[in-house]
Structure formats: C-alpha cells, structure tokens
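**Q** First to last, the protein sequences are chains A and B. Letter by letter, the first sequence follows residues 1 to 142 of this note's numbering. Letter by letter, the second sequence follows residues 1 to 193 of this note's numbering.
Take the hints with a grain of salt, since some may be wrong.
Ranges of calculated distance between the beta carbons of each label pair, as one might list FRET restraints [to be verified]:
| # | chain 1 | residue 1 | chain 2 | residue 2 | range |
| --- | --- | --- | --- | --- | --- |
| 1 | A | M115 | B | Y126 | 25 to 31 Å |
| 2 | A | K140 | B | S8 | 51 to 57 Å |
| 3 | B | S107 | A | P117 | 32 to 38 Å |
| 4 | B | M184 | A | A132 | 18 to 24 Å |
These are calculated hints, taken from the structure and not from any lab test. The C-beta atom is built at its ideal place from N, Cα and C for all residues, glycine as well.
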Amino acid sequence: MYFAIVGTRDNPIYELDLPTPASSSAPNTSLKRDSVSDQKHLSQFIVHSALDIVEESMWGTNQMYLKVVDRFNEHHVSAYVTPSGAKLMLVHDAVGGDIRAFFVDVHELYVKMLMNPFSEINGSIGSQQFDAKVRALVRKHL
Amino acid sequence: MASTLNTSHLLDRPINRSRGSETSLAAFSFLFSEMIQYSQKRVAGIADLEKRLANFGYRVGIRELELTLLREKNAKRETRVLQMLIFVNSTLWKSLFGKAADSLQKSNDNDDEYMLSDNDPVILKYISAPKEYASFNAGAFLAGLVEAVLDGCHFPCRVTAHSTGNEQFPSCMTLLIKFDKSVMLRERAFEGK
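Chain A on its own, in the form it takes in the complex (with noise of 0.2 Å):
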C-alpha cells in the first residue's frame, strides 16, 4: 500500500510506503529487499500516471473523493482532490477499508500544516509527528 500527496506541480509532498504483507512472501532475503524497494518505485510510477486522469475527472465532478480513478493489474488507485489543488492519492489492493475517511482526515492534517505561516505551499513535509500521524490514521481506517 502506498498513499502520496502530490502538489499543485506534479511534486510528491509527502510520501508513504507500507509493504503489504503478501509482498515479504519470497523466500529468499535478498529477492524480499527487491521486491520492497521495486514497489516503492512501481507504486510511484503508478500514481504518477494516474496523475492525469485524475485532473481529467476532477472536472466531471463536484465532489473532493474521487474514488477508485485507475486499476494496474491488481492495484488499485483512489484520489482526493482538495481544493488548493493538491492531490491525495492512495495505491491499494481491492479491500475494503473507509478510504473516504482516511482521506477527509488527512485533508485535515495536511491544512493544519498549511496554517503554519512558514510552511511553502509546494513545500515537502518532512515533519515526523505527520508521519506518525499518517500511520495512525492508516491503523485506524484500513
């Protein structure tokens, strides 16, 4: 699973990558390591391109859920758009989970940053409490 939040020029703000369980089943260490790390990369190639038929459909609708906006092979990515124009996007398998939720509270965490007047708008977060927070939310809502 992996969730990014992906700013106004296409730049990931904040980045984070949960490997599944059923990733860490090959036996051999070496292969587990590559597998981690190659779907870090594939699961930033996927949202990267799931970029652009989320700024197609975000014009169909009023709503700032965005569902399930693209499928590659088994994932599945679902996006919220907020309204300064940043985008939460969430690679996941097809469970289930409240993902409207999830994203609705951390569109809260992510504009409590943004009060902070030192805060870049495009800027990447590197706060651990947003971190730990992050992590939470995703215990409790998936």
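Keeping the supplied structure of chain A fixed, place chain B upon it in accordance with the hints.
**A** For chain B alone, coordinates are given in the frame of chain A:
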C-alpha cells in the same frame, strides 16, 4: 509568561471549525499598516509596493480557501467559472468580512474579464494616501487573496484592484479578474458538451 505559550504541536491543536469567529478590526488595521510600512521601505515604486501586497494576499488566500471549505457543510469544489465567482462573491466574502460582496459583473468588451465590487472595503477604512501615492490602492492585498483562491481551484487568472469611488460610496473598490486563455477554452468545452 511561559504558561500562556501554547507548546502543543501544531498537529495536536484542534482546528477551528466554527464559522463566524471574528478578529478585531483594530488588530488587523495595525498589522496591515505595519505590512505596508515594511514593504514601503524596500520598494522602488508604487507598482512594486502593490506587487508586494499582492504577494502577501496570495499567501493568505491559499490558506483562507482551505479553511473556508473546511468549515462549510457539503463542501464542493467549483468547476465552472460562474459558480466559482459566485462562491468568491458570497461565501468567501462572508467568511472574511461577514457580508457578501456588493456586485459581480461581466465585462462587455472582453469575454474573460469580470468585475467584483465592494462598496466599503473594511481593510481600507483607516488608510489614506498622500498626494505622491494617489494611484496606490491597498486593495492589492485583496486582489492577491482572490487570485490565490482562484488559482488554487485551477482557474489561473490575474486580479487587480481599482478604486472606483463615486459620491454615494467614496471608497468603493473594484477587483478586475482576467482569466487565462486555458480557462475560457475549458469553459467553452463544458458548454459544448
């Protein structure tokens, strides 16, 4: 002194979701006058001064947009130009000043120009310019704010502030909004559908 300082982390503080919370005009006027004085020392001319104020307004506008939509029930993004301008006219102005802007007009000459008027802008209440600065309009701050709001919703544009005072409203201010070509192309594509 230490006990009044809020030391909790930014992410732990509750975000203010109540609408209609107010700040004092006096506090804002002091801050605004300091901003203008600060910029005045560092610029060469009036245009530059207005540009700096617009930059300030831009940074405020992005955050204002997010907060306004956070506090709104059934927050929706606007996709059409007219809906977006109505949003700025009523919802945004209400959250900033407690009342809607006074008028929204479409320009007759150009397709992509719109004018938003406020008969008595609160932020300009305590500003009076000397003769050398006669063409200076501190509404550039509001222009930057509106530009950020429109930019954030993917309607790139240029917004400028003009004073259009008449006898009835001597300090009336108009914001001239000029949209990018891409926005008009998109609008036409929408209407074509």
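**Q** Going through the earlier hints one by one, which of them does the structure break, listed in rising order?
**A** Of the numbered hints, 2 and 4 do not hold.
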